[in-house]
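Heads up: the sequence lines are chains A and B, in that order. Under this note's numbering, the letters of the first sequence match residues 1 to 644, in that order. Under this note's numbering, the letters of the second sequence match residues 645 to 940, in that order.
There may be inaccurate statements among the hints.
[Stated by the list, open to error] As a list, the in silico DSBU-like pairs of lysine-lysine whose alpha-carbon atoms are at most 30 angstroms apart:
(1) A:K267 <-> B:K718
(2) A:K338 <-> B:K836
(3) B:K893 <-> A:K321
(4) B:K836 <-> B:K826
(5) A:K223 <-> A:K338
(6) B:K826 <-> B:K856
[Claimed, not checked] Distance windows between CB atoms, simulated:
(7) B:P763 <-> A:G276: 22 to 30 angstroms
(8) B:M848 <-> A:A331: 45 to 53 angstroms
(9) B:S818 <-> A:T135: 39 to 47 angstroms
(10) B:D832 <-> A:A331: 35 to 43 angstroms
(11) A:T135 <-> B:A815: 48 to 56 angstroms
(12) B:S818 <-> A:T220: 50 to 58 angstroms
(13) B:I851 <-> A:A289: 55 to 63 angstroms
(14) A:D199 <-> B:E761: 36 to 44 angstroms
(15) B:P852 <-> A:E485: 38 to 46 angstroms
(16) B:I851 <-> A:T220: 26 to 34 angstroms
(17) B:P763 <-> A:D199: 45 to 53 angstroms
Hint data in this document are derived by calculation from the structure and do not stem from the laboratory. For every residue, glycine included, the Cβ atom is placed at its ideal position computed from N, Cα and C.
The lines below spell out each chain.
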Amino acid sequence: MSLPFLLEIGTEEIPDWMIPTALENLRLLFEKLAIAHESIRLDATPRRLVLRVEGLPALEADSRERIMGPAKSAPAQAVAGFARKQGVTPADLAIETTPKGEYYSFVKNVAGRYTKDILAQALPGLILQIYFPKTMYWTGKGGPRFIRPIRWIVALLGDEIIPFELAGVRSGSLTSGHRRLGAREVAVTTADFEHRLRDHFVILSAEERRRKILGELAGTRVKADPGLLETLVYITEYPAAITGSFDPQFLELPAEVLITVMRHHQKYFSVEDADGNLAPSFVAVMNIAADPEGFVRRGNERVLRARFNDARFFWDSDQKKKLAGRKEDLANVTFQAKLGSYLEKTARMMTLAAELGGDRHAVRAAELCKCDLTTELVKEFTELQGVVGGLYARFQDEPEPVWQSIYDHYKPESMEDAIPRHRTAQLVALADKLDTLRGCFRVGMIPSGSRDPFALRRAAQGVVRILVEGKIELPLLDLLEGNQELISFFADRVRFYFRDHCGFKYDEVSAAMAAGWSNLVDLEARLERIRSLRPTPDFEPMAASFKRIRNILEQAKFPGGGVINPALLEPGPEKDLYDEFQNIAGQPIENVISRLRPKVDLFFDKVLVNAPDAAVRQNRLTLLNTLLAGFSTIADFSEIVTNS
Amino acid sequence: MSSFQEIVFKLKQYWADRGCIIQEPYDIEVGAGTMVPETFLRVLGPEAYRVAYVQPSRRPADGRYGDNPNRLYKHSQLQVILKPAPADIIEQYLGSLEAIGIDLRRHDIKFEEDNWEAPTLGAWGIGWQVMLDGLEISQFTYFQQCGGIDLEVVPAELTYGLERLTAFLQAKDSVYDIEWTKGFTYGDVRYKDELQYSVYNFEMADIPTLWKLFDLHEGEATRLVKLYDPKSPLKKRFPLLPTYDQVLKCSNIFNTLDARGAISVTERVGVIQRVRKMAVAVAQAWADQQANEVAQ
Numbered sequence: 001m002s003l004p005f006l007l008e009i010g011t012e013e014i015p016d017w018m019i020p021t022a023l024e025n026l027r028l029l030f031e032k033l034a035i036a037h038e039s040i041r042l043d044a045t046p047r048r049l050v051l052r053v054e055g056l057p058a059l060e061a062d063s064r065e066r067i068m069g070p071a072k073s074a075p076a077q078a079v080a081g082f083a084r085k086q087g088v089t090p091a092d093l094a095i096e097t098t099p100k101g102e103y104y105s106f107v108k109n110v111a112g113r114y115t116k117d118i119l120a121q122a123l124p125g126l127i128l129q130i131y132f133p134k135t136m137y138w139t140g141k142g143g144p145r146f147i148r149p150i151r152w153i154v155a156l157l158g159d160e161i162i163p164f165e166l167a168g169v170r171s172g173s174l175t176s177g178h179r180r181l182g183a184r185e186v187a188v189t190t191a192d193f194e195h196r197l198r199d200h201f202v203i204l205s206a207e208e209r210r211r212k213i214l215g216e217l218a219g220t221r222v223k224a225d226p227g228l229l230e231t232l233v234y235i236t237e238y239p240a241a242i243t244g245s246f247d248p249q250f251l252e253l254p255a256e257v258l259i260t261v262m263r264h265h266q267k268y269f270s271v272e273d274a275d276g277n278l279a280p281s282f283v284a285v286m287n288i289a290a291d292p293e294g295f296v297r298r299g300n301e302r303v304l305r306a307r308f309n310d311a312r313f314f315w316d317s318d319q320k321k322k323l324a325g326r327k328e329d330l331a332n333v334t335f336q337a338k339l340g341s342y343l344e345k346t347a348r349m350m351t352l353a354a355e356l357g358g359d360r361h362a363v364r365a366a367e368l369c370k371c372d373l374t375t376e377l378v379k380e381f382t383e384l385q386g387v388v389g390g391l392y393a394r395f396q397d398e399p400e401p402v403w404q405s406i407y408d409h410y411k412p413e414s415m416e417d418a419i420p421r422h423r424t425a426q427l428v429a430l431a432d433k434l435d436t437l438r439g440c441f442r443v444g445m446i447p448s449g450s451r452d453p454f455a456l457r458r459a460a461q462g463v464v465r466i467l468v469e470g471k472i473e474l475p476l477l478d479l480l481e482g483n484q485e486l487i488s489f490f491a492d493r494v495r496f497y498f499r500d501h502c503g504f505k506y507d508e509v510s511a512a513m514a515a516g517w518s519n520l521v522d523l524e525a526r527l528e529r530i531r532s533l534r535p536t537p538d539f540e541p542m543a544a545s546f547k548r549i550r551n552i553l554e555q556a557k558f559p560g561g562g563v564i565n566p567a568l569l570e571p572g573p574e575k576d577l578y579d580e581f582q583n584i585a586g587q588p589i590e591n592v593i594s595r596l597r598p599k600v601d602l603f604f605d606k607v608l609v610n611a612p613d614a615a616v617r618q619n620r621l622t623l624l625n626t627l628l629a630g631f632s633t634i635a636d637f638s639e640i641v642t643n644s
Numbered sequence: 645m646s647s648f649q650e651i652v653f654k655l656k657q658y659w660a661d662r663g664c665i666i667q668e669p670y671d672i673e674v675g676a677g678t679m680v681p682e683t684f685l686r687v688l689g690p691e692a693y694r695v696a697y698v699q700p701s702r703r704p705a706d707g708r709y710g711d712n713p714n715r716l717y718k719h720s721q722l723q724v725i726l727k728p729a730p731a732d733i734i735e736q737y738l739g740s741l742e743a744i745g746i747d748l749r750r751h752d753i754k755f756e757e758d759n760w761e762a763p764t765l766g767a768w769g770i771g772w773q774v775m776l777d778g779l780e781i782s783q784f785t786y787f788q789q790c791g792g793i794d795l796e797v798v799p800a801e802l803t804y805g806l807e808r809l810t811a812f813l814q815a816k817d818s819v820y821d822i823e824w825t826k827g828f829t830y831g832d833v834r835y836k837d838e839l840q841y842s843v844y845n846f847e848m849a850d851i852p853t854l855w856k857l858f859d860l861h862e863g864e865a866t867r868l869v870k871l872y873d874p875k876s877p878l879k880k881r882f883p884l885l886p887t888y889d890q891v892l893k894c895s896n897i898f899n900t901l902d903a904r905g906a907i908s909v910t911e912r913v914g915v916i917q918r919v920r921k922m923a924v925a926v927a928q929a930w931a932d933q934q935a936n937e938v939a940q
């Protein structure tokens, strides 16, 4: 008989962004139980995580278990004791031959357990194992931890309740509807669960909630915002979109500010007119079915008006003091306790921007870029730091490269974000990030594991992206003050960037970096060369040969250096290899690999490197070392993982 | 339409009906209702407790001379503590909104993640900000730690921003226009406070005097807390409540100095640490003092 299984964990409102991961985790935890099943379905709203599985057996299949007893040589008493313990006589025992000798054994039939019992036992622990980034306790100190309090649990296998208790809640067959549009207790079966929820204004499927929202947005020119859409999908049980408007006079404020208020503070979609300019309206998504009297629309409009008024108030009052006049105020803004104020940081950034090759605009931007931290608008909308400074600088007639550099200097804020728009802005962003990294590492504030309060990984990743994608050929290693921890921290970021972001293979990145990685633009070029060389037939055998050379040199403890003495070269493969190498010297590896490879192969085939004569041996090692060095400027090919 | 004070009456009655002690505001300046001993000290220990009170909350840096329609130096918080938090706490909270005339089938209510933290109190909790038609009207927190101590029993703390809530119900764009009671607006009652305290906090507070006061209150708090002896048979009569008052004084002076722009880079982190150290010391002594000896 095949049964459907339904588990609903009813909670108080779970943070939207944690839900998809929690569901995936729930799936894995269920699969680990290894109960036969046909299909799994996962759904969630902010108040429930739901697992539905089809095709479970009522009863687990019987299994056989082999139990080892005493050695064959054991006294009869011990054998009888073992048999008695298994509920049989010694005659029922078998003899098993093992590496340690012959032993009595007994094969026991283990009756399969009822799936209901397995689940009743496993589910409480399984639920508490679901991963959440931050958990709480609510029944008292030492009590169970979960993302938010669990208030009800539906656990059904076929028609039966799977009985268990968790955090004082007994599993049952009662779910709960929408907080205000549905009933507080709703009886359900595995068959009618989703329908019953819908009757009580809960749309269980996230996909369906997404489609409903998108359908209701269809008539409006909404600025696409997938991230916001996902938030709204997981913050509602019964979403409905409404459109509101605001006074067009607010459009005098920068679009960045208006959009931030709508997007980050109010979770509204902003709306564009036919030309792509911001329109004086917004779309909010409610968690109720409809707003026939316009209460919700008017409420949201009033809140937005207050927020915009605040922003305008801040904008106007901030203009009373220009950015340049705020620089000295940065003495009162802490950058980091051990690293002093933003005024000190500003001085360091100005020096660094010039050292990196920045012109007077870059230095000016470095001087002003942190000044917006003292403005009311940034205190209110911290996520607009940099952007506000850029807008104020433009308004206060700073040259275009200056205000744009200020505007962009926090970029890139993620792997998806663009790097600053031009070279001047890129150098200012580099100066900011490098100063932060150098300072933090100098005072020992080094990220470990998931602890990275100053977002130093993001800063370093930003440096790497700006250098590579901005094609800036600065010697990165010279900028790290010889701090070994910072250097290896950067090495990790460089490796991550080229491997995970650009898709180069692990060994290609290792090989190319082993030949130097201070100039990241050059590193990228070499990686490209290796990538295109790799599929050619000679590449991997050559890499294997290079690895062999490296091993030979290491084993011989070859100190490096030395000059090849042609007179000591043996005619044949050794001399041929030398001549070939002389011919191709200075040519890129792509052009010569096919000529070189047979010579190398033949050399290893016919020539004994470890020659009895010390001078000959030394000369051969020098030849191999020279060969290796000649091609190691692009990469250390011995790092390449080969199949041979 | 309910007036400001009617809304306060209704909410107090609602929570009184649910077993809360109705307290009057604490008579020392605080930045939030959480800092009042009725919350900060009562959440410690295993005893059940329910209390509600309106606490004027002073945040010197938020003053705007009475010019800004939504920002106040001193606003009124209704603070509700239910210890332990009942299983239907959210239902009870929604019921309180309905009690003041909000039909939640016609309004949009959302619980958005917002974990509260007060570094100066060594306190934090898990919870939400409650949004009503896009307006944040409440903070809802399950306390986890207070005074650096893991709580034995988890209380729920509900705070209502009474001015905002009233402005919402009365559909007013400015808090100064809300009706306090018939014939009096909020502005009639409170505008002078906003103007004069803004002038004091931003322009006239004498910085050396405030520092001196801070040091004096800190000295008294530190002196007292050092005298507390957990082994003393007379420890129950030790004046920890007056000690805590000294901590509250320091906290408010710190906020005023901060608004005045008098806290420099190097000082700021340090001063927060000083207040926190006092608050944590009092909380730990309090937990010891109130613990049941039988258990030991």
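Okay, the hints, checked on the actual structure:
1. A:K267 <-> B:K718: Answer holds: A:K267 to B:K718 is near 28 angstroms, not above 30 angstroms.
2. A:K338 <-> B:K836: 42 angstroms, violated
3. B:K893 <-> A:K321: 34 angstroms, violated
4. B:K836 <-> B:K826: 19 angstroms, holds
5. A:K223 <-> A:K338: Outside the cut-off at roughly 43 angstroms; violated.
6. B:K826 <-> B:K856: Not OK: B:K826 and B:K856 at ~44 angstroms, beyond 30 angstroms, violated.
7. B:P763 <-> A:G276: 22 to 30 angstroms: 44 angstroms, violated
8. B:M848 <-> A:A331: 45 to 53 angstroms: 23 angstroms, violated
9. B:S818 <-> A:T135: 39 to 47 angstroms: This hint holds: roughly 41 angstroms between Cβ atoms.
10. B:D832 <-> A:A331: 35 to 43 angstroms: 42 angstroms, holds
11. A:T135 <-> B:A815: 48 to 56 angstroms: Distance hint for A:T135, B:A815 is violated at roughly 40 angstroms.
12. B:S818 <-> A:T220: 50 to 58 angstroms: Taking Cβ atoms as reference, B:S818 and A:T220 lie about 30 angstroms apart, which means the hint is violated.
13. B:I851 <-> A:A289: 55 to 63 angstroms: 57 angstroms, holds
14. A:D199 <-> B:E761: 36 to 44 angstroms: 40 angstroms, holds
15. B:P852 <-> A:E485: 38 to 46 angstroms: 44 angstroms, holds
16. B:I851 <-> A:T220: 26 to 34 angstroms: Cβ of B:I851 to Cβ of A:T220: about 54 angstroms, so the range 26 to 34 angstroms is violated.
17. B:P763 <-> A:D199: 45 to 53 angstroms: 47 angstroms, holds
Figure legend: structure checked against the earlier numbered hints; hints not met, in rising order: 2, 3, 5, 6, 7, 8, 11, 12 and 16.
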